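Chains as they are written, first to last, in the numbering used here: chain A, 28 to 312; chain S, 3 to 144.
Since the hints were derived computationally from the structure, they do not count as laboratory data. Just so it is clear, the structure is predicted and the values come from calculations on it, not from any experiment. By construction, the Cβ of each residue, glycine as well, lies at the ideal position given by its N, Cα and C atoms. Careful: at least some of the hints might be erroneous.
[What the hints assert, rightly or not] Calculated cross-link-like contacts (lysine to any residue; reagent style SDA-like; alpha-carbon spacing at most 25 Å):
no., chain 1, residue 1, chain 2, residue 2
1, A, Lys75, S, Lys55
2, A, Lys75, S, Asp21
3, S, Lys99, A, Leu176
4, A, Lys291, A, Thr44
5, A, Lys75, S, Asp23
[What the hints assert, rightly or not] Which stretches of chain S does chain A cover? Using the computed rule of at least three CB atoms under 8 Å from a CB of chain A, they are:
no., segment
6, 25-37
7, 95-108
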Amino acid sequence: MANTRLIRRRIRGVQATSKITRAMEMIATLKMRRAQERGLAGRPYSDKITQVLADLAALPGEAKALHPLLQSRPVAKVAVVHITPDRGLCGGLNANINRKTVSLILEQSVPVTLINVGRKGLEFMRRYGRDIRAEFSRLGDRPSLLDTLPISRIIIDDYTNGVIDLVYLVYAQFISTMVQRPVMRQILPVEPAEIPTAENVDYIYEPGPAAVLGELLPRFVEMQVYHAILESIASEQSARMVAMRNATDSANELIEELTLMYNKARQESITTELLDITGGAAALA
Amino acid sequence: MATTKLDIVTAERVVFSDDVDEVIAPGAEGQLGLLPHHAPLMTMLLPGELLVKKGGEEFYLAISGGFLEVRPDRIIVLADAAERVEEIDIARAEEAKRRAEELLSERAPGLDMARAEAALRRSLIRLRVAERRRRKPRIQST
Numbered sequence: 028m029a030n031t032r033l034i035r036r037r038i039r040g041v042q043a044t045s046k047i048t049r050a051m052e053m054i055a056t057l058k059m060r061r062a063q064e065r066g067l068a069g070r071p072y073s074d075k076i077t078q079v080l081a082d083l084a085a086l087p088g089e090a091k092a093l094h095p096l097l098q099s100r101p102v103a104k105v106a107v108v109h110i111t112p113d114r115g116l117c118g119g120l121n122a123n124i125n126r127k128t129v130s131l132i133l134e135q136s137v138p139v140t141l142i143n144v145g146r147k148g149l150e151f152m153r154r155y156g157r158d159i160r161a162e163f164s165r166l167g168d169r170p171s172l173l174d175t176l177p178i179s180r181i182i183i184d185d186y187t188n189g190v191i192d193l194v195y196l197v198y199a200q201f202i203s204t205m206v207q208r209p210v211m212r213q214i215l216p217v218e219p220a221e222i223p224t225a226e227n228v229d230y231i232y233e234p235g236p237a238a239v240l241g242e243l244l245p246r247f248v249e250m251q252v253y254h255a256i257l258e259s260i261a262s263e264q265s266a267r268m269v270a271m272r273n274a275t276d277s278a279n280e281l282i283e284e285l286t287l288m289y290n291k292a293r294q295e296s297i298t299t300e301l302l303d304i305t306g307g308a309a310a311l312a
Numbered sequence: 003m004a005t006t007k008l009d010i011v012t013a014e015r016v017v018f019s020d021d022v023d024e025v026i027a028p029g030a031e032g033q034l035g036l037l038p039h040h041a042p043l044m045t046m047l048l049p050g051e052l053l054v055k056k057g058g059e060e061f062y063l064a065i066s067g068g069f070l071e072v073r074p075d076r077i078i079v080l081a082d083a084a085e086r087v088e089e090i091d092i093a094r095a096e097e098a099k100r101r102a103e104e105l106l107s108e109r110a111p112g113l114d115m116a117r118a119e120a121a122l123r124r125s126l127i128r129l130r131v132a133e134r135r136r137r138k139p140r141i142q143s144t
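Let's have the full structure, built from the sequences with the hints guiding it.
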C-alpha cells in the first residue's frame, strides 16, 4: 500500500530534523557554559570598579559634580542600546527584547535613537523605521572587551557632546537556564551605588580624586556594556538550548506516533492481502 | 615576613591572585613599590610592567593601564589588559608592533591615530616584558 511508504518517508524526515535539533541543543549548551564562565570571570573586576566608584562618589567635595558622565541634565534625546542575538531559533527571546525596547521607546516623550547590537534587533527596528544611530552585528559568540569598545565609545562621545542626554541598555538578563528576562538599565548618566559608610576607606588618591574618577567612569561604562553583551549571549544560548530540546522532544514524540501508525498500516495491508488470498483460494476451490 | 594578598583582574578574567611580598607598579606619579601594610591608596597605572615578588621568585606582568588600589588587607589591580610574561606570544607581539608602526607611518585617512598609537605602545610593553624574561631575571632597580 502507498500509505506505508508515505509514512516511512515522513518518519525519516522527522528523524533527520531531530538529529539537527539535537546537535544544535548540544552546541548551545556548550556555548552557554562558556558564556557563563566568561561572565563569572569578569565578576571580580566589575564588583571592584563598582565599589571604587561608590567610594569616590561618596567623597565630600566637588569631585563628582565635575565629571560630565555623572551629571544629569534636561532630557531632549534618549538613546537605547538594543542588544539582541544575531540569530534566531531561540524561542521567544528576540521578540521579548524587541518588545521591551519598543515599549521603552513609546514611553518616552522625547525622540529616541537606537544603537543596535545584533542582527535580529536591527532587522526588527529597520522594519519599523526607527532612528538608528549605529549598528554592530556579528560580534560572534566570544567577543572580547576590545570588540565591544566601539559601542561604549559611541555612547560616551555622544553623551559628552550633548547629542544624547540619557542612555539605556536593553538586553536579555540571564537568570537561569530556563529563565531569561529582558531588562532595561540606565547607564548614562552614571548613578553610583550607595555604600555603607562603614566600608569607607580613607584613600590617598594619585594623582587626585577627580583624575581617578575621570579615568574610572569610561571604564565603568565599557564594563557594563561588555557585561550586558556577555549576558545576552548566555541568554541566547540557553534559550536556544531549551527551544532545541523542546523541538527534539516533539520530534521524538512524532516519530513514536508515526511508527505506531506505520505498524498499524503495515499490519492492515498484510491482513487484507491474506484475506484476498484466502478469499481467492476459496473461490477457486 | 609579612605578605599581602594581591589580585590582578581585568574585565575578562582574573590574571593573578596570590599572597606576595612586594609589588612594583607603574603608577601615574612614578614607579610605586608597595610592601605589606602600605597606607590605603588609589592610583592610576600607566602602561608598563608590573613586578611581583614572592618568596625568592619574581613575576613580571605587562599591564596596559588601569588602577591600583591598596586596602588594609590586600592590593587590587584593575587592569585594562594584563598578561603574565609566560603568556606573551613574542611573535604575535612583534607582528602587532609592525602593524601598528605601518599604520602610523601611512597616516591613512580615517585612521584613528590614538588607537594605533595605543596599540603600538601596548605591543612595545609586551615585548619589553617578554625580553626581560628571556634574559636571566634579575632584580630591577627602580
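Broken hints, numbered, in rising order? As far as the earlier hints go, only 7 is violated by this structure.
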